[in-house]
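Chains as they are written, first to last, in the numbering used here: chain A, 1 to 260; chain B, 1 to 260; chain C, 1 to 260; chain D, 1 to 260.
Bear in mind the hints are in silico, worked out from the structure with no lab data behind them.
Beta carbons: idealized from backbone N, C-alpha and C, even for Gly.
Where hints are given, some of them may not hold.
[Claimed, not checked] Result set (PhoX-like, lysine-lysine): computed pairs, CA atoms no more than 25 Å apart in a straight line:
(1) K211(C) x K247(D)
(2) K72(D) x K210(D)
(3) K12(C) x K24(C)
(4) K211(B) x K72(D)
(5) K109(B) x K250(B)
(6) K72(B) x K210(D)
(7) K245(B) x K250(A)
(8) K72(C) x K72(A)
(9) K72(A) x K210(C)
(10) K217(C) x K12(C)
(11) K109(A) x K211(A)
(12) K211(C) x K250(D)
(13) K245(B) x K109(B)
(14) K247(B) x K211(A)
[Said to hold, decoys possible] Some residues of chain C that are not near chain D, with every Cβ distance over 10 Å (derived):
(15) H61
(16) N67
(17) R84
(18) L105
(19) P106
(20) K158
(21) V179
(22) Q180
(23) I186
(24) P188
(25) R253
Protein chains: 4
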Amino acid sequence: MRILFIGDIVGKPGRRAVELMVPKLVRERAIDFVIANGENAAGGNGITREITHELLDRGIHVLTMGNHVWDKREIMDFIDSEPRLIRPANYPMGAPGRGWGLFTLPNGKRIAVGNFCGRVFLDNLDCPFYGVGRMLESLHGQTDYVFVDFHAEATSEKVAFGWHLDGRAAAVVGTHTHVQTADERILPGGTAYISDVGMTGPHDSVLGVKKEAILRKFITGLPVRFETATGPLQFCAVIITLGDKGKATKIERVFERFDG
Amino acid sequence: MRILFIGDIVGKPGRRAVELMVPKLVRERAIDFVIANGENAAGGNGITREITHELLDRGIHVLTMGNHVWDKREIMDFIDSEPRLIRPANYPMGAPGRGWGLFTLPNGKRIAVGNFCGRVFLDNLDCPFYGVGRMLESLHGQTDYVFVDFHAEATSEKVAFGWHLDGRAAAVVGTHTHVQTADERILPGGTAYISDVGMTGPHDSVLGVKKEAILRKFITGLPVRFETATGPLQFCAVIITLGDKGKATKIERVFERFDG
Amino acid sequence: MRILFIGDIVGKPGRRAVELMVPKLVRERAIDFVIANGENAAGGNGITREITHELLDRGIHVLTMGNHVWDKREIMDFIDSEPRLIRPANYPMGAPGRGWGLFTLPNGKRIAVGNFCGRVFLDNLDCPFYGVGRMLESLHGQTDYVFVDFHAEATSEKVAFGWHLDGRAAAVVGTHTHVQTADERILPGGTAYISDVGMTGPHDSVLGVKKEAILRKFITGLPVRFETATGPLQFCAVIITLGDKGKATKIERVFERFDG
Amino acid sequence: MRILFIGDIVGKPGRRAVELMVPKLVRERAIDFVIANGENAAGGNGITREITHELLDRGIHVLTMGNHVWDKREIMDFIDSEPRLIRPANYPMGAPGRGWGLFTLPNGKRIAVGNFCGRVFLDNLDCPFYGVGRMLESLHGQTDYVFVDFHAEATSEKVAFGWHLDGRAAAVVGTHTHVQTADERILPGGTAYISDVGMTGPHDSVLGVKKEAILRKFITGLPVRFETATGPLQFCAVIITLGDKGKATKIERVFERFDG
Ligand SMILES: [Fe+2]
Ligand SMILES: [Fe+2]
Ligand SMILES: [Fe+2]
Ligand SMILES: [Fe+2]
Ligand SMILES: [Fe+2]
Ligand SMILES: [Fe+2]
Ligand SMILES: [Fe+2]
Ligand SMILES: [Fe+2]
């Protein structure tokens, strides 16, 4: 079984990149299951009902989110009725939606997909290290594989989270920085790990946003309007091969640049 | 001309990796000039006079630093007399040492090496975007190539810094996160760019530190003693090929794992 | 000469408190000159042209700002033509508006009013410690008194800024936290100092905002809409008595609660 | 019943201020019970066994702590056996010590004293808003009064915490910023509140530390050695008068300056 996980999809350019790449990869690389981070899918911030359906219709089986999960307020209205949309599990009790879900792979095995936010340089949520332990307990005996999207800023927290789950999850993939890292590996316990899968969207940009706006912000300190960039696209993902006993055997980076 | 730039060298394991890899790479990859980030070279924090000399004796021509520059206080005593040791240029006026220096390549061309710290999630220093402009002005007509180590945390600030210098520097290489990124590229203006070169030191660690300590910190919130990890090594670097008119033509990542 | 300085005026309730209190204080406490922080005067964030005029018409001679200075974008259009509206001086060169201005007191003496933002836990601006030195140099010989509104979060930075200017300014008053501090004093060099003057606006609130919204934010982590609170008002200010040679002789806190 | 709560005691000067002021206040103001924040009691950082005993012998009944609780590592060895030393309750489960304790007032009534850390601009701990709810539940029916030291940086979090407990605690007193605030009040539900009680220690300092060192740090960005300041002392506290049904009827600030 091979899982494709796509890094933060940014706006229309990101969705276009998904449209072009997912069918191709599924076919050429024999992908069995597709997960994607969708926290920036709607114009760079959040996700709408329509875009959720668009992405789920284009071959993505599960969407994970991050700190931008609530940016489009309408998500509050539909997240409870869409089990394929997973939000960070470490929001305080009572938040709408689910922090993890159980899904069935084509071979009949079950895979749990969870999403957690880091806290270093980010929002004050519940402890993700503690929370992921509770997730594993609550899933005990119910799943064959555990897949975690850890949405975090600081490399220390991300790498530590990977070690924390080594041997207990099939994969821990980082998201949020929008820059793909080159540290993909199978940890000694059999967990596929990467610090950040990277961003899927406009290539000549600052994390998906028009570079002129971000530069103006850094140089002048004045407020600017952020807009999703245009031009060539990039598609960032990893392909993870599952093995026996809930482990992974392989993780490969995908970083494609092309015209939209 | 080919420049080897080595990412944050952490402690004795990092220095051992340098000892093993630099002569090999210089020979096999026809390296002409070696630059390395040494902010963690002494036991994980800062650098000493002895270690500065050790690294400069092992084939490194210039050392750059970062937010840990002053961790070993003795640097205050020798940095003014060691022009090959470059500290972040955006410390307020009056700080010891130099923020950039001019060096001669084997072909007689001159290369300026500068070091700047980012400010997002880091210390309050002078603006690096403004500062690097002043560096370029002060170097005007004096150098053939400009090489910048941008030591920063946030990907937004790093990517923006790359675009800021596109066409004006031969290379902008990121350091500090200790995780190599996979976004190396030649920007349209001819500047070699990577968000982070990564860490040179113990492979099975959290950014070079014993993983058990970092995990205990994240899980318990209690203070822990950080120690440089042991075991297998990793060597993270980039090789940049210089072209005409102050530009770069190629950037390749190096990420080697081996036993020390 | 007695200066009244009013802490962050929040929205309509804050402006109502100004309307009620300023004429009364000017009369009863023999105030000669009125300065106020107006960064939250328009609905809690920023200031408009109309509200600037409203406040200047109600007896305020100079308005200072803070990190919310640009929240109402229209300020960009009129700040250059309104010398009585002072924005933080430590925005990078080229920002619209002025960071300090010279005004004439009723007795013919001149007073310079400056505004700086702190950087700890706040935006990355130019160094306020360096900047205020440049302000003093540029004012050399042109003013009788220097008055500084230091808009900052961290008490360490604020108290340090007071000591930095002791003997060089008549007054350093802190703003931004919206909570009045009880540490008003004349420093040994003759500078009137207080860490924070406090907030002028709705009394039963969290810093001027409806408390239910802020509490919901802290408890759930979910986004909420912030609205200026209603109900009883509070008026926070200090009265500073100027002495000879650019010094102050007295600083008194004003903290009035009343129905609007 | 009247409770004296003393703000962060800093080093030897702070302990000297306690020695001079506590007996005097107990006598003159008819104090029945004394609580103090001791997180900086040992040389500015943390507390030792010896200093704990010194303070408890000088008339303090209960010591609360804050983010510096673990700075002197020996606390790990004795905190479990000293029920009068209360550390922030929102450290993850398993931390040494207690987050609250039950004590008996001279009139036989019971008072629970709890300690929580804020999270805004501070460490990533468990949610204090949720935690204090759990404390109240676990104390249900066992105590006559609840007293909370909320050790936090941001005024928004502190004021919100006060409202959160209004009518459920007799007192919520803020600590940590080392600057006394002037917003003491009895909230509508009968809870005595102040955002920060202030610092007990050297008066001419930056939060207790030598001002020259802190200024040098802000101006140069270079590391400095922080030392507790010397010279005149200040004593910051509040006196809270308890009423019926777990409420408070009065809160008065104490801010004394004197030679040691
Ligand atoms: Fe994202
Ligand atoms: Fe994100
Ligand atoms: Fe480093
Ligand atoms: Fe660093
Ligand atoms: Fe404000
Ligand atoms: Fe502000
Ligand atoms: Fe403290
Ligand atoms: Fe503290």
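(message) For a C-alpha distance cap of 25 Å, please report whether K211(C) and K250(D) respect it.
(response) holds, 23 Å
(request) Decide if the proposed pair is consistent with the structure: K72(C) and K72(A), CA atoms, cutoff 25 Å inclusive. (result) Answer holds: K72(C) to K72(A) is near 23 Å, not above 25 Å.
(message) Does K109(B) sit within 25 Å of K245(B), going by the straight-line distance between their CA atoms?
(response) Roughly 11 Å separates the two Cα atoms, so the pair holds.
(request) Could you grab the alpha-carbon distance between K109(A) and K211(A) and see if it respects the 25 Å cut-off? (result) Violated: K109(A) and K211(A) sit about 44 Å apart, past 25 Å.
(request) Would you assess whether I186(C), listed as outside the interface, keeps its beta-carbon beyond 10 Å of every beta-carbon in chain D? (result) Check passes; 12 Å lies beyond 10 Å.
(message) Need the status of pair K211(C), K247(D): alpha-carbon distance at most 25 Å?
(response) It holds: about 21 Å lies between the C-alpha atoms, which stays within 25 Å.
(message) Please verify whether K217(C) and K12(C) have alpha carbons no more than 25 Å apart.
(response) Holds, because 23 Å separates the two Cα atoms, which is no more than 25 Å.
(request) Verify that the Cβ of R84(C) lies farther than 10 Å from every Cβ atom of chain D, and report whether the claim holds or is violated. (result) Fine: 28 Å to the nearest Cβ keeps R84(C) off the interface.
(request) With 10 Å as the threshold, tell me whether L105(C) passes as away from chain D on beta-carbon distances. (result) The claim stands: L105(C) keeps its Cβ more than 10 Å from every Cβ of chain D (closest is about 27 Å).
(request) Decide if the proposed pair is consistent with the structure: K211(B) and K72(D), CA atoms, cutoff 25 Å inclusive. (result) holds, 24 Å
(message) With the threshold set at 25 Å, check whether the alpha-carbon distance from K72(A) to K210(C) stays at or below it.
(response) Holds, at roughly 23 Å.
(request) Report holds if the minimum CB distance from H61(C) to chain D is greater than 10 Å, and violated otherwise. (result) holds, 25 Å
Violation of the numbered hints given earlier is confined to hints 7, 11, 20, 21, 22, 24 and 25; the remaining hints are satisfied by the structure.
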